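Visitor: Work out the full structure: start from the sequences and follow the hints.
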Amino acid sequence: MLTWDDASTGVDGVAEWCFSLQRSSGDVPGVLWLPADSRPSAPLVLLAHGGSGHKLGGRNRMLAQWFATECGIVSVAIDGPYHGDRVSEPLPPAEYQARIIAEGVDAVVDRMVGDWRAVIGELADLGFVDPAQVGLIGLSMGTRFGLPLAAAMGDSLRCAVLGKFGLGQTGLPAGLAMDDRIRVDARAVSAAVHFHVQWDDELFTRGGQLALFGLLGSRDKRLMVHSGRHGETQDAAVEAWCAFIAAELRT
1 MLTWDDASTG
11 VDGVAEWCFS
21 LQRSSGDVPG
31 VLWLPADSRP
41 SAPLVLLAHG
51 GSGHKLGGRN
61 RMLAQWFATE
71 CGIVSVAIDG
81 PYHGDRVSEP
91 LPPAEYQARI
101 IAEGVDAVVD
111 RMVGDWRAVI
121 GELADLGFVD
131 PAQVGLIGLS
141 MGTRFGLPLA
151 AAMGDSLRCA
161 VLGKFGLGQT
171 GLPAGLAMDD
181 RIRVDARAVS
191 AAVHFHVQWD
201 DELFTRGGQL
211 ALFGLLGSRD
221 KRLMVHSGRH
231 GETQDAAVEA
241 WCAFIAAELR
251 T
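Take 1 as the starting number for the sequence shown in our numbering and just add one per residue.
The hints are simulated quantities; they were obtained by calculation from the structure and are not laboratory data. Fair warning: this is a prediction, and the values are worked out from it, not measured in the lab. Where is the CB? At the ideal position from N, CA and C, for every residue including glycine. If a hint is listed, it holds; no wrong ones were tucked in.
With beta-carbon atoms standing in for the labels, derived distance ranges:
| id | residue 1 | residue 2 | range |
| --- | --- | --- | --- |
| 1 | Thr170 | Leu91 | 21 to 27 Å |
| 2 | Leu210 | Gly26 | 34 to 40 Å |
| 3 | Val87 | Gly58 | 15 to 21 Å |
| 4 | Arg181 | Gly228 | 23 to 29 Å |
| 5 | Asp125 | Gly171 | 39 to 45 Å |
| 6 | Trp4 | Gly171 | 36 to 42 Å |
| 7 | Ser88 | Ser227 | 34 to 40 Å |
Guide: Next up, the structure:
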């Protein structure tokens with residue numbers, strides 16, 4: 001069951017509705033952004049934040065605003081595991097990573113995939129979105145959970161922006177490694193993919209990122225490389241993400 005919480009109206013009439021979805025595995029805190037002239041069964045983009053992020057982070061709000069005003073696309077975000085409103089206070093990376101490892105990375109991934117699919121189903125049942133017109137933007141931790149989601153959704157996911165992630169990790173705890181699963185899930189992805197690589201990434205090796213791109217099963221997959229370390233995202237990269245999703249959901 002989905003329960004609505006706070007609501008507000010931002011720039012250009014874009015509505016921001018916070019919600020909680022009750023599941024047997026625990027409540028899922030989320031936020032829905034609706035265009036001012038939102039129509040029933042609109043396209044939907046899933047906004048998956050990175051590590052130490054939040055569903056209401058600045059980039060998510062900026063992306064949701066752009067999709068709503070420029071394209072009439074609905075956006076939704078949920079908090080990642082041990083992030084945002086899933087915890088009583090923000091946790092440092094070492095703490096939330098330890099909790100993920102203790103629970104088991106595969107179990108956490110499966111829970112997140114289930115959370116996302118349940119949210120999509122609820123929004124479709126309420127008439128807000130078309131479940132056959134769904135895109136995803138998820139980098140770094142957003143790919144850790146977003147790539148398995150893309151694999152599980154199959155053809156019901158139209159497009160995805162993934163990246164800042166790869167096989168082999170040099171700057172993260174060994175218990176977070178999930179290369180075997182990622183190899184299997186990557187081959188099962190059929191959505192069109194825009195894959196973002198940070199050339200000087202200190203968390204994921206360059207070779208591991210390129211290897212993951214090579215494994216993606218998508219017939220339409222595009223590689224975009226930017227200079228810089230893991231957190232150094234250029235404005236041009238974000239613009240490319242938006243243009244890719246908008247074009248795919250308009251076709």
